[in-house]
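Protein chains: 2
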Amino acid sequence: MDAPLRPGEVVADGLAEPDGPRLRIIGRIRSRWGAGDCPRNIGTARAQGGVGKVELDPTFAPALDGLAVGQPVVLLYWLGGARRDLLRQSPRHIQGTRGTFAIRSPNRPNSIGLATVRITSLDVAAGTMGIDAIDCYDGTPLIDIKPWVERADLPPAR
Amino acid sequence: MDAPLRPGEVVADGLAEPDGPRLRIIGRIRSRWGAGDCPRNIGTARAQGGVGKVELDPTFAPALDGLAVGQPVVLLYWLGGARRDLLRQSPRHIQGTRGTFAIRSPNRPNSIGLATVRITSLDVAAGTMGIDAIDCYDGTPLIDIKPWVERADLPPAR
Numbered sequence: 001m002d003a004p005l006r007p008g009e010v011v012a013d014g015l016a017e018p019d020g021p022r023l024r025i026i027g028r029i030r031s032r033w034g035a036g037d038c039p040r041n042i043g044t045a046r047a048q049g050g051v052g053k054v055e056l057d058p059t060f061a062p063a064l065d066g067l068a069v070g071q072p073v074v075l076l077y078w079l080g081g082a083r084r085d086l087l088r089q090s091p092r093h094i095q096g097t098r099g100t101f102a103i104r105s106p107n108r109p110n111s112i113g114l115a116t117v118r119i120t121s122l123d124v125a126a127g128t129m130g131i132d133a134i135d136c137y138d139g140t141p142l143i144d145i146k147p148w149v150e151r152a153d154l155p156p157a158r
Numbered sequence: 001m002d003a004p005l006r007p008g009e010v011v012a013d014g015l016a017e018p019d020g021p022r023l024r025i026i027g028r029i030r031s032r033w034g035a036g037d038c039p040r041n042i043g044t045a046r047a048q049g050g051v052g053k054v055e056l057d058p059t060f061a062p063a064l065d066g067l068a069v070g071q072p073v074v075l076l077y078w079l080g081g082a083r084r085d086l087l088r089q090s091p092r093h094i095q096g097t098r099g100t101f102a103i104r105s106p107n108r109p110n111s112i113g114l115a116t117v118r119i120t121s122l123d124v125a126a127g128t129m130g131i132d133a134i135d136c137y138d139g140t141p142l143i144d145i146k147p148w149v150e151r152a153d154l155p156p157a158r
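For the protein sequence lines, the chains are A and B, in the order given.
Residue 91 in this note's numbering sits at position 91 of the first sequence, with consecutive numbering throughout.
Residue 65 in this note's numbering sits at position 65 of the second sequence, with consecutive numbering throughout.
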């Protein structure tokens, strides 16, 4: 069921099933992308004109109030098809292998995708929000929307 | 058990228990902070000299390989004490109320904290990493470490 390993990839042996808190799926991300044509990252998606849309479960629509068109937000989404047991990986665009926490691969202990996007339209009543780009399959489960803020999301000065 | 509501706060009625994927706790964040003195955000923590440390479960230590001291990383952590049912909130530092997705409050459908920090030391064999600051309680469960990358984490040009 898991994707096959590439040369040099290392799996964490004997992992128990995840037993932490359960996520709540709050909506879906709509995109142009599917399994065959999904860009590798948000930069590529943006370059290809991959505009997208957030469709919240109606219950959560009121929680959009206070956001504004033009504002950057951080989206967290669940990449359900990814492996959760890889310690070292060999992505196609990298020579050799690298530890999972040193790359942005969806294959990680918790398959959470993270992207900063700009709001292009907003309908709080409908629970929908246009976004300038996104790098996941159409229908990807959404788990959070946060306003992007410089103090938390920009690397600190050295 | 939940924190009491403030005036104007709105709860999502009749929410079922979360039934999405289960998280895997991959380690703990060590900090100077506890329930009485934890800064409200990473900016304040940084100003107060709130250096911290990541301690991975030994299983995941090898996944740090490829990171480097000085590099910025995004940490995702689980804020277990937060409410998951608030649609509108009235944070102490804001006049009036605001939708949950318009603020960075830990009270959100999925209690995931997010901060970009700089690596100050790294011991892959031990599975530990010093970080320049953090804004959560000592012992907070860690769920992901991602390298900060401009294309995904910086707001796109308008």
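Simulated from the structure, these hints should not be mistaken for lab results.
Where a beta carbon is used, it is the ideal one built from N, C-alpha and C, also for glycine.
Fair warning: there could be bad hints in the mix.
[Unchecked claim] Quick look at which bits of chain A chain B covers, simulated, 3 or more residues with Cβ under 8 Å: (1) 10–23; (2) 103–110.
[Claimed, not checked] Here are some chain B residues pointing at chain A (derived, C-beta under 10 Å): (3) L5; (4) A35; (5) C38; (6) G66; (7) R92; (8) A126; (9) T128.
[To be verified] Have a look at the derived ranges for each label pair, beta carbon to beta carbon: (10) B/D13 with A/E55: 13 to 23 Å; (11) A/D2 with B/A68: 43 to 53 Å; (12) B/R6 with A/G34: 41 to 51 Å; (13) A/E150 with B/R6: 21 to 31 Å; (14) B/D13 with A/V69: 25 to 35 Å; (15) A/L5 with B/G80: 25 to 35 Å; (16) A/P7 with B/P4: 27 to 37 Å; (17) B/L15 with A/P156: 34 to 44 Å; (18) B/G49 with A/G139: 39 to 49 Å; (19) A/E150 with B/K53: 42 to 52 Å; (20) B/D13 with A/Q95: 50 to 60 Å.
Hint-by-hint comparison with the structure:
1. 10–23: holds (count 10)
2. 103–110: holds (count 5)
3. L5: violated (15 Å)
4. A35: Check failed: Cβ of B/A35 comes no nearer than 19 Å to chain A, outside 10 Å.
5. C38: violated (15 Å)
6. G66: holds (3 Å)
7. R92: violated (16 Å)
8. A126: violated (14 Å)
9. T128: violated (13 Å)
10. B/D13 with A/E55: 13 to 23 Å: Given range 13 to 23 Å: holds, Cβ gap about 21 Å.
11. A/D2 with B/A68: 43 to 53 Å: violated (29 Å)
12. B/R6 with A/G34: 41 to 51 Å: holds (44 Å)
13. A/E150 with B/R6: 21 to 31 Å: At 26 Å between Cβs, range holds.
14. B/D13 with A/V69: 25 to 35 Å: This hint holds: roughly 29 Å between Cβ atoms.
15. A/L5 with B/G80: 25 to 35 Å: holds (34 Å)
16. A/P7 with B/P4: 27 to 37 Å: violated (56 Å)
17. B/L15 with A/P156: 34 to 44 Å: holds (36 Å)
18. B/G49 with A/G139: 39 to 49 Å: holds (45 Å)
19. A/E150 with B/K53: 42 to 52 Å: For A/E150 and B/K53 the Cβ distance comes to about 24 Å; the hint is violated.
20. B/D13 with A/Q95: 50 to 60 Å: holds (54 Å)
Violated hints for the displayed structure, listed by number in ascending order: 3, 4, 5, 7, 8, 9, 11, 16 and 19.
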